[in-house]
Amino acid sequence: GAVVSQHPSRVICKSGTSVKIECRSLDFQATTMFWYRQFPKQSLMLMATSNEGSKATYEQGVEKDKFLINHASLTLSTLTVTSAHPEDSSFYICSASLRGGRNQPQHFGDGTRLSIL
Amino acid sequence: KNEVEQSPQNLTAQEGEFITINCSYSVGISALHWLQQHPGGGIVSLFMLSSGKKKHGRLIATINIQEKHSSLHITASHPRDSAVYICAVPYSGGGADGLTFGKGTHLIIQP
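Top to bottom, those sequences are chains A and B.
1 is the number of the first residue of the first sequence in the working numbering; add one for each residue after it.
1001 is the number of the first residue of the second sequence in the working numbering; add one for each residue after it.
Chain B on its own, in the form it takes in the complex:
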């Protein structure tokens, strides 16, 4: 089973700050997922990436396959970005698996 470590667990920042959340995993993977979980529990898929870098609006995700590490960045953070951000990888590394998840980063952006 793939093990996922995420840091930091909690992060409070001021509006406008640049945010970085890190994720490392133990077994080589086909793709890594970044997810956003809202207070009610609902989950939104932000990115799925297998190499390099992806950008969507103010969100940027990068991955280094050799180092088994990924980062999620938020530029010009806003209070509406406050949520739990979760890194997830295939359960055993393959492409058809369910996911195993990090513990999440609880992000609070203060006005």
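Isolated chain A, as found in the complex:
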């Protein structure tokens, strides 16, 4: 089956650090990947849609200059949290779909738990 690998699984770092999270589709090509975050005891929320070869589409309230998304190939999207602060501490998870995501199951990475001290 389709496998999505997300790395790292956990990050603990100081305030002001930039953190890069990678999301890879291991056995399929994903023209579209999605980034979500989940604060404690809350539901998952869509942050942005990552499109291969073009700019990401960000949801309302998500700062594009703070959460940099790069989707340089059909198998890799990266999310960089720039100058992270404690309020950015959250669970970040990516998903990818075959053939651009139109009416396709989404395959999720295992998530990254980010803790900013």
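Fair warning: there could be bad hints in the mix.
What the hints assert, rightly or not - As a list, the in silico DSS-like pairs of lysine-lysine whose alpha-carbon atoms are at most 25 Å apart:
1. K64/A - K1001/B
2. K1001/B - K41/A
3. K66/A - K1001/B
4. K55/A - K1001/B
5. K41/A - K1055/B
What the hints assert, rightly or not - Chain B regions said to be covered by chain A (calculated; three or more residues, Cβ under 8 Å):
6. 1040-1046
7. 1099-1109
Please keep in mind that the hints were generated in silico from the structure rather than gathered at the bench.
Please read these numbers as outputs of a predicted model, since none were measured by experiment.
Where is the CB? At the ideal position from N, CA and C, for every residue including glycine.
Based on the hints, put chain B in the right spot on chain A.
Here is chain B on its own, set in the frame of chain A:
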């Protein structure tokens, strides 16, 4: 934006019981997803359905498009079924969107 309501939020049952989790949404959709989230956070896609009923092992998912409602059933529940079950639909109803999620149902199956 599609709004998703899920119930119950918490459910504790005995091993062997028949489990039902409900989901309703506000905007017509192309497909609905049922997901399972484990304590570490990882998410597994259980079903994607756009009409009728799907079955996989002891899991059954149904959807009524007219009523904008779906149910997930677990037959002969087992402690290993304990997890958070999440209903998700396309963000604005279309087929190429990211998902918007219900708050999840925290299921505990006791031996």
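Broken hints, by number:
Of the numbered hints, just 5 does not hold.
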